[in-house]
Structures are given as C-alpha cells and as structure tokens.
Amino acid sequence: DGGITQSPKYLFRKEGQNVTLSCEQNLNHDAMYWYRQDPGQGLRLIYYSQIVNDFQKGDIAEGYSVSREKKESFPLTVTSAQKNPTAFYLCATERTTGGGEQFFGPGTRLTVL
Amino acid sequence: ARKVTQAQTEISVVEKEDVTLDCVYETRDTTYYLFWYKQPPSGELVFLIRRNSFDEQNEISGRYSWNFQKSTSSFNFTITASQVVDSAVYFCALGGGGNKLTFGTGTQLKVEL
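Protein chains in written order, with my numbering: chain A, 1 to 113; chain B, 1001 to 1113.
Isolated chain A (complex conformation) (with noise of 0.2 Å):
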C-alpha cells in the first residue's frame, strides 16, 4: 500500500530521556515535513527536508533533530532539551516543495511522563 507510515502510534518517555519517531514514506515524494500539535493549536513546523541529506530548521526547531540519509525516512528525536515535548506529532511528504498539498502520517501521540 501507498503512503506514510509512522510508529509507535503511542509513546512514552522518561523526562530527560532522548527519543525517536519514525516516519517512513513510500509515495517517492522529494519532501518531508514535520509538525507539531498542542491541543487547541495549529500545525507547527519543526523541520523538512526537500533532498536526501538536506534539511531545515522550521519555527520550532529548538531540542529536536532529524536526518535524511533516505529518501523514505525522515527520523524526528526529540532530545531532553525539548522543554515541553508532550504533543501530537505529525509527519507529512509532499511530491516536491512550493505549492503543493501535503500527505499527512497518522500522527505519534508522545507523553513525557
């Protein structure tokens, strides 16, 4: 099946501990993208990337980091840093940047607890 695949579906997290989502795409897209959502508010950006082994830092890049080093995996972790890491994390790929819609995972809900 085509589409985006991200696990766990479920995470929870040790303050101070360092973590990692996985995003995985199969639809050959060039661009990945990953946001955050706190209940009550829009999508934010944290990071993407438009080319394998290239990516940049969104509005909220602060305690996160990713790599591209697969065109169909772009790997979010979110480091203890992150002072307030709970949140809905959403994964998205979009065929190449500008102006294109984007498809959505089904999201990775992370507690810190």
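Errors might be hidden in some of the hints.
[Claimed, not checked] For the chain B half of the interface with chain A, some residues (derived, Cβ under 7 Å), not all of them:
1. 1041
2. 1045
3. 1104
Hints in this document: simulated from the structure, not taken from any laboratory.
Just so you know, even glycine gets a beta-carbon here, dropped at the ideal spot from N, CA and C.
Assemble chain B onto chain A, guided by the hints.
Frame of chain A; chain B shown alone:
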C-alpha cells in the same frame, strides 16, 4: 509575514444543517495556495482542497463547497446537509512559492443527531 485566522474555535450543529467554516488569510505574495484539511478523531490530516490564488472560481464537491474571495482575503468552507461523520477539526492553510504551509488554529465541528 503569512498568517491564517480561523476565528471559530468550535461549532455545533444538528445533523442536516448547513455550516460554514471561516478562513481569513494574510500574505504579501501574489502567487499562493490555499488549502483545507480535515482531522478526524483518529488524528491523521486528510487533504480536502487546494486553490490557486489566480483561480477565484468557487468549487463544489458533493456536499462540500468553497468560496474564495481575494477582495476579502477569505477562503470559506461550507458543508451542506451536515452529517455526524463530518465531525472533525478542520484546518485552513496557506502556502506556495517554495514556502512551507502556514496553518490556522483549526475549527472543531461537532455534528449531533
């Protein structure tokens, strides 16, 4: 700077009523795109429509219709004869020109029997 305003935080209607979700945007770009996404309780965002800034024709897709007015910088979304399955959070977004999407804060629509 780009901005999207969805002033309606939550709307409740009874099934079969018509409902309009408002979206007002701000941008200095002459070329841009407007989007609507639906987020059901499962969390995944579902793409509904993309509108090019040069195309002000209204669009209808089944029970959904969109009214784009550049003069008032608005891109409103109407659901005719609402159904319980329409209950979701709806996001309006602004993008284009190689820039990332800017999302509004979303409107929670509740359709009751």
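Verification of the hints:
Interface hint status for residue 1041/B: violated, as the beta-carbon distance to the closest one in chain A is roughly 12 Å, over 7 Å. With a cut of 7 Å, the hint placing residue 1045/B at the interface with chain A holds, because the nearest CB-to-CB distance is about 4 Å. The beta carbon of residue 1104/B comes within 6 Å of a beta carbon in chain A, closer than 7 Å, and the hint placing it at the interface holds.
Checked against the numbered hints given earlier, the structure breaks only hint 1 and satisfies all the rest.
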